[in-house]
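Visitor: Here's the letter readout for the chains.
Number of protein chains: 2
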Amino acid sequence: MSSLTAIDHVGIAVDDLEAAVEHYRRTLGVKPILRERVADQGVEEVLFAAGNSYIQLLGALAPDTPVGRFLTTNGPGIHHVAYRVTDIASTLDQLRREQVRLIDDVPRRGSRNTLIAFVHPKSMGGVLVELVQEG
Amino acid sequence: MSSLTAIDHVGIAVDDLEAAVEHYRRTLGVKPILRERVADQGVEEVLFAAGNSYIQLLGALAPDTPVGRFLTTNGPGIHHVAYRVTDIASTLDQLRREQVRLIDDVPRRGSRNTLIAFVHPKSMGGVLVELVQEG
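Quick mapping for you: the protein sequence lines, in order, are chains B and H. Each residue of the first sequence is one higher than the last, beginning at 1 in the numbering used here. Each residue of the second sequence is one higher than the last, beginning at 1 in the numbering used here.
To be clear, the hints were calculated from the coordinates, so they are not data collected in a lab. A few of these clues could be false.
Stated by the list, open to error - Derived DMTMM-like pairs (lysine to aspartate or glutamate); straight-line CA-CA distance at most 20 Å: (1) H/K122 with B/D87; (2) H/K122 with H/E98; (3) H/K31 with B/E18; (4) H/K31 with B/D93; (5) H/K122 with B/D16; (6) B/K31 with B/E18; (7) B/K122 with H/D15; (8) B/K31 with H/D104; (9) B/K31 with H/D93; (10) H/K122 with B/E98; (11) B/K122 with H/E18; (12) H/K122 with H/D104; (13) B/K31 with H/E98; (14) B/K31 with B/D16; (15) B/K122 with B/E134; (16) H/K31 with B/E98.
Bound-form chain B, shown alone (with noise of 0.2 Å):
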């Protein structure tokens, strides 16, 4: 059985990643701990520690991509919620037996050595869901 340990980010959508960065850094008085251009997702992504947790900051490479067409359509602000669990194999076993529609239907490479999947948020309350297990 796998277990939900933490929350593992938020992901907010930018309309301006350096801006935003400095915003954060300024503000809440956060540190950058690792910049990530993801060029097959079409977005450049900027963590933040938050303890045992993690802020993501989502800039679009290009308006044709998911993070660019949200912002489109809903203007910045948050994207989605990503929830670390143990065993990501079972948990997708989990929500297919609850007729959950996923994104992802296999784990695939995330950043930071992790497995990552997505569950479509009309299963979800209207909330983009990442599942991240740990490498």
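Following the hints, complete the assembly by docking chain H onto the known chain B.
Guide: Just chain H, lined up with the frame of chain B:
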């Protein structure tokens, strides 16, 4: 200097609190640990533990409440993110120095013997931010 030590919780607005609690229990295997009706905020909340953080489901007690209006405008989904800080008064001072617009200029009592204050989403890139200091 105040420090941001955790994502205290993610607040999720739901249409039907009982159905959502049951859905979270069955899909993610989490257990509700606290239920509280906060009449002056027009909300009933259920907390689930997620390691050192919480998942907070928020049901509106009436349409003409902050969460009720959020549901009417946006539908169900992520309502806010709360960061745990060591010294909320000092964090609010820092935000004021950075010209950030506050919803609560002075901390008030939250649940779990906490002090809380909300920050205006206009000043935080569209994100409704809550600050939480544990008691």
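Visitor: If a hint holds in the structure, say so; if it does not, say that too.
Guide: Against the structure, the hints:
{"no.": "1", "hint": "H/K122 with B/D87", "result": "38 Å, violated"}
{"no.": "2", "hint": "H/K122 with H/E98", "result": "13 Å, holds"}
{"no.": "3", "hint": "H/K31 with B/E18", "result": "39 Å, violated"}
{"no.": "4", "hint": "H/K31 with B/D93", "result": "19 Å, holds"}
{"no.": "5", "hint": "H/K122 with B/D16", "result": "15 Å, holds"}
{"no.": "6", "hint": "B/K31 with B/E18", "result": "13 Å, holds"}
{"no.": "7", "hint": "B/K122 with H/D15", "result": "13 Å, holds"}
{"no.": "8", "hint": "B/K31 with H/D104", "result": "25 Å, violated"}
{"no.": "9", "hint": "B/K31 with H/D93", "result": "19 Å, holds"}
{"no.": "10", "hint": "H/K122 with B/E98", "result": "38 Å, violated"}
{"no.": "11", "hint": "B/K122 with H/E18", "result": "18 Å, holds"}
{"no.": "12", "hint": "H/K122 with H/D104", "result": "14 Å, holds"}
{"no.": "13", "hint": "B/K31 with H/E98", "result": "17 Å, holds"}
{"no.": "14", "hint": "B/K31 with B/D16", "result": "17 Å, holds"}
{"no.": "15", "hint": "B/K122 with B/E134", "result": "26 Å, violated"}
{"no.": "16", "hint": "H/K31 with B/E98", "result": "17 Å, holds"}
The structure is inconsistent with the numbered hints 1, 3, 8, 10 and 15, although it conforms to all the rest.
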